[in-house]
Every structure is written in structure tokens, then in C-alpha cells.
Amino acid sequence: MSLVIGIGNETRGDDAAGPLVARRVAEAARPGLRVIEAVCEPAALMDAWAGEARVFVADACAPLVQSGHIHRFDAHAARLPEALGAVSSHGIGLGMAIELARALNALPRELIVFAIEGADFAPGAALSPPVAAAIEDVARRILAEAG
Amino acid sequence: MVERRIVVEALARVEGEGALKVRIKDGAVEQVELNIFEPPRFFEGFLPGRDFREAPDITSRICGICPIAYQMSAVHAMEAACRVSVTGPLRDLRRLLYCGEWIESHVLHIHMLHAPDFLGYESAIDMARDHGPAVQRGLRLKKIGNSIVSTIGGREVHPINARVGGFYRAPSRRELLGLRDELLWARDAAREAVLWTGTLPFPEFEQDYEFVALRHEHEYPMNEGRIVSNRGLDVAASEFEDHVEEIHVAHSTALQARIKARGAYLLGPLARYALNFNRLPADVQEAAKAAGLGPVCRNPFRSITVRAVEVLYAFEEALRLIEAYREPEEPAIVVEPRTARGTWATEAPRGMLYHRYDIDTDGTIKTARIMPPTSQNQPSIESDLKGVIAANLDLDDAALQARCEQTIRNYDPCISCATHFLKLDIERA
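Protein sequence lines, in the order shown, are assigned to chains A and B. Quick note: the first sequence uses my numbering, first residue 6, plus one each step. Quick note: the second sequence uses my numbering, first residue 12, plus one each step.
Worth double-checking, as some hints may not be accurate.
[Unchecked claim] To give an idea of the chain A side of the interface with chain B (calculated C-beta under 8 Å), a few residues:
1) Leu-8
2) Ala-55
3) Glu-57
4) Met-101
5) Glu-104
6) Leu-112
Rather than coming from a laboratory, the hints here were simulated on the basis of the structure. By construction, the Cβ of each residue, glycine as well, lies at the ideal position given by its N, Cα and C atoms.
Please model the complete structure; the sequences and the hints are all you need to start from.
Shown next, in the form of C-alpha cells:
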């Protein structure tokens, strides 16, 4: 069994990327593939992936290269770059959530993160076209890697 | 002449952007400035013209960790203007919602932001490697607080269910009872967290604060009460601005505040605790004592324990409210606007949050004033810094800087809230 987690807030423009990736993956109804949407709450993430061997996480991230650019990280290979992360100490970003899990020996055996660079995270903003295209791409890649 | 300067360009493990400047000359603290340079966000400027029912949703965007405080101060102020009072199960739901926010905010601050200071870690992640069980307990406590907020507020982040008059949807009794098992675990875990914070190494430091908080006839205050202090202040919210003024200082984009007759005052957990200790249930008082607290605490570093005590109280109160809950007939009462002024204060996790609105007969907001707790606490933060620095001049600059940052984090400052408004005067020559 593999788990796909889409993280984000669909009312905030490109932050909808994670949940929309999850929904595209769920549409495939692949046996052995569980799909959920979540906010970035460390304890909830650790509960969700507890016992799972293989986990894919999709989330939007801060703009670095260009909108729609896709990053793929193996959480066991290296820390997620801080530049991609949350801008508030009150919102624990995915990077910090993963490092907390690592410090608590609570990472799944395999954790792959797909981060899509967003352009507009304003409340009520529409999804930007490059991010919309990246969502389709990431969903395909997750389905291909999940086997 | 020996001069030492400590400059922290960007404070870590606080919400928002702030900096610290200290100048020590010949062994005397000459200058302490908490620089807040987060861009002011002009909420008071764009609320006029909006409908009074929009105030809770607009003001709650000021802050991501205390949105409920803004919703509650806003809805109560508007209801006061309209001369209505929300009672019964809807009142209890509001209090339960606030319990969830206190838990979320305090637990995050205790474990992720402040405890690392006391244990000598740069971050909560470093601390988690050596103090795994305590951090895991904290993460689970926060998650349970989130579940209270999402169950009643509709969403964990920026909850959407509160409105003037009550709620858009009242949860069922079954939904609330579904939280009970986790709350029972959490109450016991919260007690352990109180005792754990009591074992932390605390710097010896005290200030003779003027504590200001709400005080209610019989409950530990959240949504209701008179505004009182330990130096004789005892007023309704409608009289607050007769006694307190906001001032602008050059080094901060957040307005500061002082009691006109006396100066700086302190809001937040230490103030609530000092002014309402006898409103805490006996077992919560006992946990506080077991963790080294008396009925009044003047050491700001021990605020971490006071926050843990308030978390324990919030879980106990949540259990009581859930057990007693009976579904209301309607999720909200009807509120008709009138030309009037409404003022109210509620106890945000960081301290008393004051709102004042003037509205018109058709419900249009004419004026708005918001005084967040971190704004009001700025003079006390700077006063604490002066005292802490003066008492620790023997430390080298790195250690003194760390102590200063720990001092600021005693207040769990929310700089995003503090910079909600600044009046802008432009002179063109």
C-alpha cells in the first residue's frame, strides 16, 4: 500500500496544488493506493503515514525558479530546502514537519515530496495556468512511480 | 568609554518580523528598542464602509494563530452595539471554540518556540531529538486543539463558522462527544506538560507589573468580563479608552499603549492568572503549585508554565462544555443593526484584544479601532529587556543576545497582529 497526501488550501490560489494533485491521483482509483488531503499539521501527518512503507506528498511551494516548476525530493536523501517553506512560525511548513518526524524517528520508509512552485497565494485567487499544468504532470509522475 | 551594542537583525521563533537594538555604555543600559518593521496593514482604514457582519471575517485575517480572538472580539462588539446578547448553548460554543484556540496557540509556543530557549537548543527540531516524548506529547495536544477549532469553527486555519449572532452551523452533540476520548487523554497529558515546564531552568527575574485582564463573576475569562488591574483599574470595555492611550514611537510600525495615569501595563497569561487565580478549578490550581507557581507570578520567564496551566484549564473546560452541550434550536440569533458604538474585549492567547466600532442604521461600519495585546505589551517588553540586560551585563554578547531573545519570546509576541494599523500623515512641501 502506498499513500498520497495532497497538502494545501484550495481557497488560496496556487496553494490548491497539493489537494488538486491528490484528486487527480484519486480519479485513477488505483488499487493499493490510498489518497488523502491534509493541512500541514505534523501530528496528523505522522498519524496518516504511520505504518505506510511508501508515501508521496504533493504541496505548493514558494516561487524560486518560475511558476509551475516542479521539484522532487527524497526526504531520506536530504532536508527540504528552507527557501521553499512556510513564511510564518505559526504555520509549520512541510520542511519543518518532516524534520520533526525525522527527529522523532517517525518518517515512513520512503517519502517523496513533489513541490510545485506557485505564483499567487492570495485568498480567492485563481489557479495560475503553469501550476494547473504542473498538477497534471505531478499526478502522472506519482502514478508512474507508485507502480 | 566602553560601549557594547547588540543588534538582532531578525528575531527568530516569533510571529512576524521584528528586530532588537541594544546600546550599553559604560556598564549602563542606554537604549533598548524593539523594532517592529512589519508593514502596517491598515485594517482600521478599510473596515469603514464594510457591513458590520463582515467584521469577524475581515479582522480574523490579521492573524493566522489567533483568528478566533478577532472573531470573538468583533462579534461581541457588534452585538453590544445592537444591544443583543448571545447566551445558552451558543455562548458555550463560543467559549469552547476559544478553548481550542488557546490550546493551539499556547501548545505551539510552549513546545516549538519557547522551550528550546530553556533547554539550550537552536530549534524545536534539535530539541525533539533529545526530548522526543515531550515534543510528541505537545504535537498531539496541538492536534487535539486543532480538532476543536475545526469541529466548531469549520476549518483548522482561518475558521469560517462564527458570525454575528452565533454560528452558521451548530455542531451536533454527537460531533462534540466524538472529541471526548481524545480530550480525556489530553487533559492528563496537559497536566504532565505543566509539571514538565516546571522543571525548566528559569532565570531569576521579576518585575512589579500592572497586570491588566478581564475578570468575570465566576469563570476564568475568555469572552466576557470587566477590564481590571492590580492597581485599581476596574472598567467596562466602553470606558477602556478613557484610561488607556495609544502612541506611535519612531522605531516601531506598531502603536504602543499606556495607562494614562501610570504608563506601561502587562496583558497575557501572567496577568490573567494573577487576576483570576481563584477562578481556576482546584485541581488546576494544584498543578500550578506543583510546578512551582504561587497565586501570582511576576517572573516573565515562568510564563511558559502559566501557559501550560491555561492549556490544562482549557482541556478541562472543553470537557465540561461538551458534556453540558445541548443543540440549540437555531445556530444564531437575529441581530438588527442600529446607529451605535459597540466596544468589547476578549482574552486572546497573548492577552486582551480590544475592538471598538461605530455602525450605522443600515449596518455600515463607520469607524473601527483594534488594539491587539502585543501592541499594548511593547512598553513592558522593552522594560523587561532593560531589566534583564542590566542584570546580566557579565554575560558575553552572544549569551546576552540569547537571553534577550528568550525575554522577548516570554511574550509570545504576535507582530502580525501588532502592526494592523498605523495612521499615515503625509506632508508635501
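Hint check results:
A distance limit of 8 Å between C-beta atoms decides the matter here; for A/Leu-8 the minimum to chain B is near 18 Å, and the interface restraint is violated. Checking A/Ala-55 against chain B: minimum C-beta separation of about 12 Å lies over 8 Å; hint violated. This hint is violated: A/Glu-57 has a C-beta 18 Å from the nearest C-beta of chain B, more than the 8 Å allowed. Using the Cβ-Cβ criterion of 8 Å, the hint placing A/Met-101 at the interface with chain B is satisfied: the shortest such distance is roughly 7 Å.
Annotation: interface hint on A/Glu-104 holds; nearest CB of chain B at approximately 5 Å, less than 8 Å. Interface hint at A/Leu-112: violated, since its Cβ lies 12 Å from the closest Cβ of chain B, which is beyond the 8 Å cut-off.
In this structure, the hints that do not hold are numbers 1, 2, 3, 6, in rising order.
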